[in-house]
Amino acid sequence: MAIYALRKLAFFLGAVFVASLAIFLLIRGAGGNVAAIVLGKDATADAINALAHTYGLDRPLPVQYFDWIVNMLHGDLGQSFRTKESVADLVTARLSVSIPLALSGLILGLIIAIPVGTYAARNVGKPSGAVLALISQIGIAVPVFWAGILLSVLFGVKLGWLPTGGWIDWDESPVGAIRSLVLPVLSLGLIMAAVLIRYVRSAVLDVMNQDYVRTARAVGMTRTQALLQVGLRNAALPIVTIVGLQIAELIGGTVIIEMVFSLPGLSRMILANVAAREVIVVQSTVMLIIVFVIFVNFVVDLLYGVLDPRIRNAA
Amino acid sequence: MTDIAATAPIAPKKRRRLSLNATLVVGIVLTIGFLVVALVSFFWLPSNPNIPVIKNRMLPPFLPDHWLGTDGLGRDIVAQLMVGARTSILVGAGGATVSLILGTITGLIAAAYGKLADETISRGADIMLSIPGMVTALVLAATMGSGALTTIFALTAFFTPSFTRVIRSAAMSVLQEDFITSAKLYGRGKLFILARHVIPNIAGVMIVQFTLYFAAGILTEAGLSYLGVGVTRPSISWGMMLNEAQQTVGISSPLAIWPGLAIVLVVLGLNLLGDGLRDVLDPKLKRRS
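So the protein sequences, as listed, match chains P and E.
Each residue of the first sequence is one higher than the one before, counting from 1 in this note's numbering.
Each residue of the second sequence is one higher than the one before, counting from 1 in this note's numbering.
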């Protein structure tokens, strides 16, 4: 297990390094003269040079990259050119929206997908299974933002039960905050569920055809008993992997859903700062998100090794 | 209780074949409809989708001149949907095609050119897969400027690693076949074997993957254009139409229905086509739908 964990750790660090390099080159390599853009057309050459000098933008790119990484490792994510706010503060302020949204969306997706997917697998070949497969196919084809629009038309405009968008902060009214999250979470969760149902269904189908389930049935367990007592642990492996892979998808969905419901989350902050050419803010925030996703995948890999000894020994 | 061993293998097989045909047929019908609409848009449009006609603002659907009505600037919805189909094809198929080519090259190198190449390419693909695409696309749009080309570029960056993985594993299983060994013994070079024996044998996988990522590309493009970082006018995208509907006339108008419906039908069609083709072209692969 130790060797397996070390290999995964090495991969994690390598992935973070490659990602940081890619992000840096993408943003800085194509960004033009950042200081000139930030200060606008009327800025004097002196002012531009002064700003560039203050933030070290006039140094060679490799030095800037190295500096950025060292600062991040010390917990300093940089600050905004205009407002001087630190990126860490900017990000933390937005997390109280983005994290509950993404996490509840994923949990809702799993709560729907695991029983429905299992049911669909047990009824494969029957009309009910086919109907579920079709519903999931349609769900996959629905763009998450359109699901958001339809839900807010139904529950916000027609029925008037929930706000169609906007945000009430947790400090102001926790109930209000939850009310503004219900529709976004529902849209995200339903679309996640449609994708996850397919994976749960095929994972359960695979397990149901295994010899050990047949053996369990032969010694007198019912289908349900065999599935719950023997099959579930084995079906858990592929499902855990898929959840890891879907994290990137989940974040993409969260980005869009925040826009649909005008929630002041991370993605709106990134978009606003992209437009304002706040390269340091964008670069560090995007890097944080990517590190988070790679970290989740790292944990999923470790979990996979714990759940299945064959994997850690083969590696 | 019926005898499971005797009935089980026969009954599901019959049903499977039935549902397989339905999947493929519905997929083909929807996809052909989509392609025809895009093709017709080059020769005939109800009216110019980009020129505002103020006196026709917000006409309701089902009028003789404007079948689905007009938007807040009096532009015909049908015309916009038709031109939007072109964008979906250009960007979706464009992204899928470039990814397929790059993914095939890298996948074949990983499968055939030794352990070092395999490790480098596979780990590289793993890293790229763990980077959230939507966030990267935002950054790309900011640095390269938005537009169809940027969107295709972004799609290529998300999709290529998945193609690499699939092509690599398909090619590896072909490379273990006996006819590859005999081709090697006959003195054929690696490139010849890949081009003559491996690619024809993985063509089915390639077609299926292309179809599924064509659909995924349309979804992603719609999302990016909805965010305002995808294609921009005079090009028209279904995602952009939804954004405009939400910004200008509110989500409860029928304008927020049609483009969404178009996306669902087309993506559903391509996904069904892909799944149907998988069963026909690649019977060894297990159905995942």
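There may be inaccurate statements among the hints.
[Unchecked claim] With a Cα cut of at most 30 Å, we get these calculated DSBU-like pairs of lysine-lysine:
{"id": "1", "chain 1": "E", "residue 1": "Lys115", "chain 2": "P", "residue 2": "Lys158"}
{"id": "2", "chain 1": "P", "residue 1": "Lys8", "chain 2": "E", "residue 2": "Lys115"}
{"id": "3", "chain 1": "E", "residue 1": "Lys115", "chain 2": "E", "residue 2": "Lys184"}
{"id": "4", "chain 1": "E", "residue 1": "Lys115", "chain 2": "E", "residue 2": "Lys190"}
Keep in mind that the hints were calculated from the coordinates and are not lab data.
How the hints compare with the structure:
A hinted pair counts as satisfied when its Cα atoms are at most 30 Å apart, and lysine 115 of chain E with lysine 158 of chain P does not qualify at roughly 60 Å. For the suggested pair lysine 8 of chain P and lysine 115 of chain E, the alpha carbons sit about 18 Å apart, so the restraint of at most 30 Å is met. For the proposed pair lysine 115 of chain E and lysine 184 of chain E, the alpha carbon gap of about 19 Å is at most 30 Å, so the pair holds. For the suggested pair lysine 115 of chain E and lysine 190 of chain E, the alpha carbons sit about 15 Å apart, so the restraint of at most 30 Å is met.
The structure shown violates just one earlier hint, number 1.
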